[in-house]
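Asks: Sequence:
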Amino acid sequence: MNPAQLERLADHLTKLRLFKSRERLEALLQQAAAEDMAYADFLEQVLAEEVAAKTSKNVTMRTAMARFPFVKPLETFDFAYQPSIDRKQVQALATCHFIEHGDNVLVLGPPGVGKTHLAVALGLKAIEAGYRVLFTTAASLIAALTKAHAEGRLDEKLKIYTTPRLLIIDEIGYLPIERQGANLFFQLISRRYERGPMILTSNQSFGAWGEVFGDRVIATAILDRLLHHAVTLNIRGNSYRLKEKLKAGLVRPEEAEA
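Just so we're aligned: the sequence shown equals residues 286 to 543 in our numbering.
The set of hints was computed from the structure by calculation and includes no laboratory data. Computed from a predicted model, the values in this text were never measured in an experiment. Be careful, since some hints might not be right.
[As the list claims (entries may be wrong)] With a cut-off of at most 30 Å between alpha-carbon atoms, the simulated DSSO-like pairs for lysine-lysine come out as follows:
1) LYS442 - LYS410
2) LYS339 - LYS432
3) LYS339 - LYS300
4) LYS442 - LYS305
5) LYS444 - LYS432
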């Protein structure tokens, strides 16, 4: 292949935005010649590499847009330390069929047992499956909605939380929610009801949500919508942070059991 033809091919690939193929063009052509590849095999390899590159780029971009507090895949979750979790159930959720069916996922348990890790891990699986995801804590969500309401931009802000296919709300119950915040939270839940699935984590049982939201009527209305189509995971194990302290010898086993 002469230099002029190589340059034309590179220009075509650039105009088609096939940047990975443009980057690998000479190497791919040399490999095809060396292996005497059939035209269809060569084309399949070029397109497969391009699709893989674009998929990786999109996953990276959507992961950044999700605003996760950390990136921990499901493969790093220590199921052996949390035997109360049904591993098969979590693996079923990792297929993301719950998103297709519009089901919510509620993860309950005391602090430090891996609720956020599970939520983020399932969010990463959703991104890999091509869905747009947004992560927020309950405190940040309420603060953002309250500020937007005061500034007359509530609808605009609600759209930010209703647009992503999957919304993750972490740490419900760690801080009390005032009545206005509870009403704003209810508005968001109502907008996403049977339209956009959510993953929510909480250190409080459903029976305590009346106190969390400062109003049993609002809490009941929120739970009624969340639990209509939902999967609930209850984690009853020990804190991972306690596990690390035990390993480091900072806490004695008898103190951990007290």
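Asks: Indicate, hint by hint, whether the structure satisfies it.
Replies: Here is what the structure says about each hint:
1. LYS442 - LYS410: Roughly 26 Å between the alpha carbons, so the hint for LYS442 and LYS410 holds.
2. LYS339 - LYS432: Judged against 30 Å, a Cα distance of about 37 Å means the pair is violated.
3. LYS339 - LYS300: 16 Å, holds
4. LYS442 - LYS305: 37 Å, violated
5. LYS444 - LYS432: Holds - the C-alpha atoms of LYS432 and LYS444 are around 15 Å apart, at most 30 Å.
Checked against the numbered hints listed earlier, the structure breaks hints 2 and 4; every other hint is satisfied.
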